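Enquirer: Single-letter residue listing:
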Amino acid sequence: MMGKMGFDDVVGGVMVVVIIRELGPILTAFLIAGRSGSSLTTYIGGMVINSEVDALATMGVDPIRYLVMPGLIGGAIATFIMNIMFSTSAICAGFVMTKVAIALTGNAINLQLTWDYLSTEILKAMTLTDFLFIVVKPLVFGCIITTNACYQAMNIPRDIRQVPKATGKSVIQSFFYIVCADVFLSLFYFIDYFNEISKII
Amino acid sequence: MYSEALRLEDIHLSYRGLIGTSFSKPRPLGFFESGIQPGEQELISGANLVVQKGETICIGGGSGQGKSALLRVISGLARPNAGKIYIFGEYIPPERLTALNVAKRQVGLVFQNGALISNLRVRDNIALPLRYHKVGTPAEIEDKVRMAMDLMRVRDYADFFPHMLSVGMQKRVAIARSWAMGPQLLLMDEPTAGLDNYNRRNLLPLIDNMRTLFKTTIIIVTHDLMVAKELGCKITFLANKQLTEPRYFDEWLHGDTAISKELFRDLRTSG
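In the order they appear, the protein sequences are chains U and W.
Going by the numbering used here, the first residue of the first sequence is number 1, and it counts up by one from there.
Going by the numbering used here, the first residue of the second sequence is number 1, and it counts up by one from there.
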């Protein structure tokens, strides 16, 4: 259909821009913030309430080094792996669903979609910066999520009701910071887009 | 060589200083925070204390007087609004008075609730600070942990998690953990509360051993005044937001001050 409409050569480009550049990193970061960020806040918040963090500090064990750093490193790596898994499964699922749709409609629209075609188009459309940002974006997001989660947890006053409050705060603020960081990182592409536009004009 | 283990000069602490954990946060510049604000309620105002090396001292007083808060100040967990703290003769400026900095000077604190790390077994709880600071080889650490567990009689519970233990057991593990670090100055928050008579009687000789064998300076916060009598140490009371002159148990018992009349009344009548 896209061929009929004259969009033959942008299939890969659209996939790269939508899934690999934007949706993949952002959605994985949101999922990780909701699942792991909140659990990290509750975990460290509980330790603060039980004065376990204080106990660590009085033993000379730096809570930042003992509690926050493993979370930070693990979170960054996990977000990176999750991002690759998300992008891959999004593209694969899209392909499979299209195939199912074709099979159900008896190929009414006469579409010849092959995996070979799709993967070559995507790989063709990917630039070096895309490969770079697949690594950089999730790492930045992972660091933001875990740092924010630990920061919120460490600042809980000795009051058990503050733990759910801090958890909510940590998730919502993580969302906000992720979007801000994404806009900031995407500025790089904007220069690219503007160059393309000015070329056309 | 300084003979003083701890010197507090004119410590002021407001309720604001107790909020949150400030284990490593540097104090804001004096420009932003100007000490005591007018009309602010103070928990401790103008406490002075000098503890010599190797000395044991008890801090008594009614509940809510700020005994535990004073220990938090000494261990760097709470930040006093004003006053000077010297640990082993070294003045610690307020912006460096953090728990990590104080812990570097071999000060240990036993919390009232034990404060064991809840996802580690008893064995690992005791070994945690040793492993973190890399005190010797793994075999040496294992030996030390076993010794600490033997001392506090928690060897049978080495593979238990803290939530499986009773409060008294948790406290014994916490004391073992502090002991394993070999602190020069040990702060104990209510060590005998929650312990039965048998364990209490075991704990007191242990404290006694620590100060004679390792020359540990010990500060005990307690409402159990008999501890001071059995250890034969001086008691100071936190009353009217200030610390009184340290005196021996018998001096307090037969003293004529308001505190000794109020707190030792039962002990006097029972003989």
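Derived by calculation from the structure, the hints in this document are not laboratory data.
Bear in mind the structure is a predicted one, so any value in this text is a computation, not a measurement.
Some hints could be false.
To be verified - Here are the simulated DSBU-like pairs of lysine-lysine, each with C-alpha atoms no more than 35 Å apart in a straight line:
1. W/LYS229 <-> W/LYS134
2. U/LYS165 <-> W/LYS215
3. W/LYS261 <-> W/LYS144
4. W/LYS104 <-> W/LYS261
5. U/LYS169 <-> W/LYS104
6. W/LYS144 <-> W/LYS241
What the hints assert, rightly or not - Far from chain U, by Cβ distances over 10 Å, these chain W residues were calculated:
7. SER75
8. GLY76
9. THR98
10. ALA99
11. LYS104
12. ASN113
13. ILE117
14. ASP143
15. LEU204
Said to hold, decoys possible - Examples of chain U residues lying across from chain W (beta carbon under 8 Å, computed):
16. SER51
17. ALA55
18. ALA57
19. GLY60
20. MET69
21. THR98
22. ASP116
23. TYR117
24. SER119
25. GLU121
26. ILE122
Virtual Cβ for every residue (Gly too), placed ideally from N, Cα, C.
Enquirer: Please go over all the hints and tell whether each is borne out by the structure.
Expert: Outcome of the hint check:
At most 35 Å may separate the alpha-carbon atoms for a hinted pair to count; W/LYS229 and W/LYS134 exceed this at roughly 38 Å. Distance hint between U/LYS165 and W/LYS215 is unfulfilled; the C-alpha atoms sit about 46 Å from each other, more than 35 Å. Distance hint between W/LYS261 and W/LYS144 is unfulfilled; the C-alpha atoms sit about 45 Å from each other, more than 35 Å. Restraint check for W/LYS104 and W/LYS261: not satisfied, since their Cα atoms lie roughly 41 Å apart, outside the 35 Å limit.
Note on U/LYS169 and W/LYS104: the hinted pairing holds, with a Cα-Cα distance of about 34 Å set against a maximum of 35 Å. Proximity of W/LYS144 to W/LYS241 is assessed by CA-CA distance (about 40 Å); at most 35 Å being required, the pair is judged violated. Listed as a non-interface residue, W/SER75 fails to keep its Cβ farther than 10 Å from every Cβ of chain U; the least gap is roughly 5 Å. At roughly 8 Å, the least C-beta separation between W/GLY76 and chain U is not larger than 10 Å, which violates its mark as non-interface.
Residue placement check: W/THR98 does not keep its beta carbon more than 10 Å from all beta carbons of chain U (closest about 8 Å). Not every CB of chain U lies more than 10 Å from the CB of W/ALA99, the least distance being 4 Å, so the non-interface label is violated. Consistency note on W/LYS104: stated as away from chain U, yet its beta-carbon is not over 10 Å from all of that chain's, at 6 Å minimum. Residue placement check: W/ASN113 does not keep its beta carbon more than 10 Å from all beta carbons of chain U (closest about 7 Å).
For W/ILE117, the shortest C-beta to C-beta distance to chain U comes to about 5 Å, within the 10 Å cut-off, and the non-interface label is violated. Taking the minimum C-beta to C-beta distance to chain U, about 19 Å, the non-interface status of W/ASP143 holds against the 10 Å cut. A cut-off of 10 Å between C-beta atoms confirms that W/LEU204 is not in contact with chain U; the least separation is 23 Å. The beta carbon of U/SER51 is positioned within 8 Å of a beta carbon in chain W (closest approach about 5 Å), and the interface hint is therefore held.
Look at U/ALA55: its Cβ gets to within about 4 Å of chain W, closer than 8 Å, so that hint holds up. Hint status for U/ALA57 relative to chain W: holds, with the closest Cβ pair at about 3 Å, below 8 Å. This hint holds: U/GLY60 has a C-beta 4 Å from the nearest C-beta of chain W, less than the 8 Å allowed. Interface hint status for U/MET69: violated, as the beta-carbon distance to the closest one in chain W is roughly 13 Å, over 8 Å.
Here the hint on U/THR98 is broken, as its CB sits about 47 Å from the closest CB of chain W, past 8 Å. With a cut of 8 Å, the hint placing U/ASP116 at the interface with chain W is violated, because the nearest CB-to-CB distance is about 50 Å. At a threshold of 8 Å, the smallest CB-CB gap from U/TYR117 to chain W is about 51 Å, leaving the interface hint violated. Here the hint on U/SER119 is broken, as its CB sits about 44 Å from the closest CB of chain W, past 8 Å.
Proximity of U/GLU121 to chain W is violated relative to the hint, the smallest CB-CB distance being about 49 Å (cut-off 8 Å). Against a cut-off of 8 Å between C-beta atoms, the interface hint on U/ILE122 is violated, since the closest Cβ of chain W lies about 43 Å away.
Checked against the numbered hints given earlier, this structure breaks hints 1, 2, 3, 4, 6, 7, 8, 9, 10, 11, 12, 13, 20, 21, 22, 23, 24, 25, 26; the rest are met.
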